[in-house]
Amino acid sequence: MRFLAYFRSLAARILHPSRLEKELEEELRSHIQCRADDLERSGLPRPEAERRARIEFGGQERFKEESREALGGHLIESLIQDLRLAFRRLRNAPGFTAVAVATLALGIGANAVVFSVMNAMILRPLNVPHPESLYLLERGSDRTASQSYPDYVDLRDRNRSFESLAAYAFAQAGLDADGNPSRVWFYEVTGNYFEALGIQPYLGRLIHPSDEHGPNSAPYIVLTYAYWENHFQGDRGVVGRVVQLNKHPFTILGVTPPGFDGTFLAFHPAFFVPMVNHDEGGAEELYARGNRWVDQTIGHLKAGVTPSQAVADLNSIGSYLEKTYPKDESQMTFTLGRPGLFGDALGTPLRAFMAGLMLLAGLVLLAACANLGSLFAARATDRSRELALRIALGASSARILRQLFTEALLMSLMGGAAGLWGSVVLLNALSVWNPLPGIPAGVAVNPDAHVYAVALLLTVASGFLFGAVPVRQVLRTDAYGVIKSGTTGAVGQRLTVRDLLLVVQIAICAVLVTSSMVALRGLARSLHGNFGFEPENTMVAETDLHMAGYSGGQVPAMQKRMIDAMKNLPGVKSVGAGGGLPLGDLGADDSIVFTDSTADLRPSHAAADAFLYSISPEYLHAAGTALLQGRDFNWHDDPNAPRVAIVNREFARKVFGSPTSALGGYFKAPDGTRVQVVGITEDGKYNRLTEDPHAVMFLPLLQSPSTETYLVVRSDRDPLQLAAAMRSRMRELDRGLPVRIQTRYQAMDPILFPSRVAAAALGVLGVMAAILSITGIFGIAAYSVSRRLKELGIRIALGARRKEVLQAALGRAFKLLGFGSAAGLLIGILASRVLALIVYQATPRDPLVLAGVVLAMLLLGLLATWIPARRALSVDPVTLLREE
Amino acid sequence: MNDPAQLLPGTLDLLILKAVSLGPLHGYGVLLRIGQISGRALLIEQGALYPALFRLWRQGLLKTSWGTSENHRRAKFYELTSAGRKRLQEETKGWKRLAAAMGSALATRAEEI
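Heads up: the sequence lines are chains A and B, in that order.
Position one of the first sequence corresponds to residue 6 (this note's numbering), numbered consecutively onward.
Position one of the second sequence corresponds to residue 569 (this note's numbering), numbered consecutively onward.
To be clear, the hints were calculated from the coordinates, so they are not data collected in a lab.
Below, a list of computed lysine-lysine pairs in the PhoX-like style, where the Cα atoms sit at most 25 Å apart:
(1) B/K586 / A/K69
(2) B/K644 / A/K27
(3) A/K27 / B/K631
(4) A/K69 / B/K644
Let the sequences and hints guide you as you build the complete structure.
Okay, here's the thing in structure tokens:
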């Protein structure tokens with residue numbers, strides 16, 4: 006009841022302020038009239054009666070104000086008043102407002118962008134029903150997610166913990182829907198994939214367990230909504246249509262709903278094909294227990310089953326498998342990870358990096374707040390006369406503080422809105438950006454409600470944060486003293502809050518400058534590092550003969566024809582073919598190997614797990630990989646010749662004990678075949694720039710065939726011209742062959758992408774922090790000069806030299822700069838350890854980085870103090886003293 | 569007659585409720601009624617009445633309506649709501665207790681301790 010009445014009154018005051026005002030007015034008038042009537046009756050003339058009535062009534066305005074207050078809604082009214090005043094004040098200082106809003110927009114925008122990316126990559130669950138109970142199976146001590154198909158089947162059928170275990174593998178194929186074959190990425194999925202995830206068809210039907218009847222029994226294809234829209238123009242008649250996949254007919258069953266992009270973030274498949282139709286390697290690979298090509302196994306835990314129970318369940322199946330298939334199985338212990346990324350292999354460094362980036366973005370915002378805080382404090386000092394006057398006239402300090410906070414919040418809201426707007430534009434651009442041509446990568450980082458909420462929270466919090474800086478100062482204002490003397494307190498040599506803020510801010514800036522320099526240096530080095538091959542002047546043509554229907558003996562014959570065709574191009578020096586490409590978009594195949602003396606070929610007895618590349622003769626020369634010892638392959642190293650291999654130094658060290666004893670020696674493949682080492686190459690980088698030396702064996706393309714073909718072409722011709730020539734030559738060989746041609750550096754883009762992104766992100770944050778520091782130092786230097794103009798004038802009049810004047814005016818600012826930079830440099834060096842996980846050779850113990858940071862900070866200081874220094878030096882004592 | 573007594577803080581609301589409980593009144597009427605029922609012993613600053621009236625209205629203890637005063641002027645009339653009536657009873661009781669306690673306290677003589 007009372008609440009109701011209160012809200013009625015509040016609503017009336019807000020909705021009909023003028024009506025209430027009029028009523029109040031009328032009521033008071035009526036009162037005075039009544040009183041005057043009484044007085045008139047007692048004998049006074051009317052004018053005199055009215056005058057007396059008004060005097061008796063007392064201060065009308067005061068009672069009106071009190072009545073308004075009693076009516077409620079006073080708070081809102083005074084808020085509106087405060088807002089109006091704040092707007093006026095901000096409008097009167099457009100420069101200050103623009104700087105402050107831009108500062109905040111940068112800080113809040115940076116945070117919104119970083120948070121949104123983190124939200125999309127880490128926080129937001131997969132877009133499937135009940136994502137909270139969905140887990141990814143990880144195996145062994147290095148927590149890989151890949152399984153073999155038979156292992157998957159055993160895990161699926163024997164476990165009692167999951168509703169339904171589904172698996173999928175990334176695959177590429179030539180899709181021919183209209184006579185124009187193109188290379189497309191898709192998932193091979195188990196029959197229960199959609200059922201296990203609870204995905205309903207948008208059109209037609211999805212793949213079902215009952216479709217599977219052994220190898221190649223289910224030539225069906227389910228399109229994603231996006232691919233259907235973009236490549237089939239949303240034609241509802243596609244269901245039932247037959248398309249060619251690697252020259253085999255597949256029937257389109259249906260389309261998945263919009264928003265479902267598979268179960269791996271940052272990688273959008275075009276369609277889904279049943280795993281039983283696994284094509285590359287065929288049924289043999291499908292049923293090979295030791296071939297772990299099934300990328301991810303996921304499933305919902307049954308209700309009531311805890312993750313640790315599920316792990317125990319899986320481990321007991323694992324030990325059963327190890328006992329039953331000792332030749333193929335090892336490391337069959339399991340853990341559960343989050344689906345969406347490669348478990349912890351990719352997730353952990355990504356999470357660490359995103360957390361680091363978020364922290365840095367937070368620091369930028371903090372620096373922005375520190376900056377604005379000192380600006381506000383300076384303004385409050387300059388306003389101290391006005392504030393003192395208001396206090397003297399009876400304004401409560403609560404009211405004055407409310408006014409200050411209103412101003413701060415208004416400003417932070419303006420900045421937050423601008424920052425959010427900018428970040429939404431940027432994020433939408435990022436969402437449609439495909440950073441790696443040829444790979445359907447990219448994350449939808451569009452902001453959602455969480456992002457808006459965080460941005461609002463940060464906006465309000467930073468408003469209060471920098472608004473709070475001048476509070477103590479205002480509360481201490483001694484109205485009498487200020488008005489009397491006109492000065493605003495002494496310039497203390499004590500360390501003030503503002504100084505501290507500036508030091509913190511400079512330190513943050515130095516941290517960011519340090520880390521971005523470390524990242525940039527790492528990136529620059531990684532581009533000219535020793536990869537174990539020479540990317541300069543090399544082109545790569547990538548194709549998969551399987552997609553064009555080649556098989557068996559046709560494959561090496563075609564590869565030879567392609568090599569010859571490339572060799573005949575003018576300007577080409579050497580050409581080689583490989584079944585894989587080090588530092589390319591696909592990880593290297595690997596295989597365990599045994600020493601020659603090992604008899605029991607169990608996985609646990611392996612001497613090494615080596616990357617494996619099938620290569621043609623002359624490949625090493627074309628790639629620029631140095632052959633240290635022994636011979637290259639030749640075309641006589643064919644299936645009829647003894648098995649041979651070229652290994653890298655790390656392989657030789659691991660399997661033979663030393664590089665020198667390896668040449669001519671033998672090792673054993675998992676099937677027991679003896680392989681002779683005929684050559685030794687330098688070590689290189691194969692999967693990642695940051696990896697430790699890894700054992701690698703190169704096998705002759707004829708002895709270890711591969712339909713996946715990378716032609717490495719070394720030439721000194723212009724890449725663009727050469728690419729065109731290569732393309733037309735390939736088309737002459739086979740029109741139906743999807744080919745991708747790029748420079749060797751472009752082929753490394755997927756590998757360099759993370760460090761590029763890291764360097765770019767840190768660079769942007771570093772520049773932001775630098776801008777904030779410049780304005781911060783500028784603010785404090787300019788302020789200190791203007792406050793001490795008189796003193797400086799006297800010093801100059803007394804004959805002080807320029808150096809002394811400058812020292813007096815700016816010594817403090819530089820001292821703070823020194824402190825802050827040193828602290829920031831130290832923290833930055835410590836923080837760079839995280840960076841080393843992502844950026845190759847990111848080390849802060851690099852004289853160039855250290856010198857760069859010091860120089861940058863010095864430059865920053867000079868830039869920021871330039872104008873105040875000019876002003877200090879140009880003080881003319883005569884005019885200054887005359888003015889006083 | 570002695571000078572009119574100053575009001576104790578908080579008593580104005582109670583007086584207004586009492587005055588209005590005897591029949592709907594406009595603002596000036598409330599003032600006259602309080603003067604009348606207190607035997608002109610209590611002085612109220614005229615303007616101070618209105619903030620108190622509005623406060624009581626906001627609390628839902630009074631309701632208002634526009635009407636015509638006895639000398640034919642448009643005026644806003646105040647009336648007790650049921651919540652106001654309840655409040656008046658409570659406050660009256662409270663006041664009586666306080667007055668009795670004060671009375672007995674002030675009447676105490678040394679030999680009674």
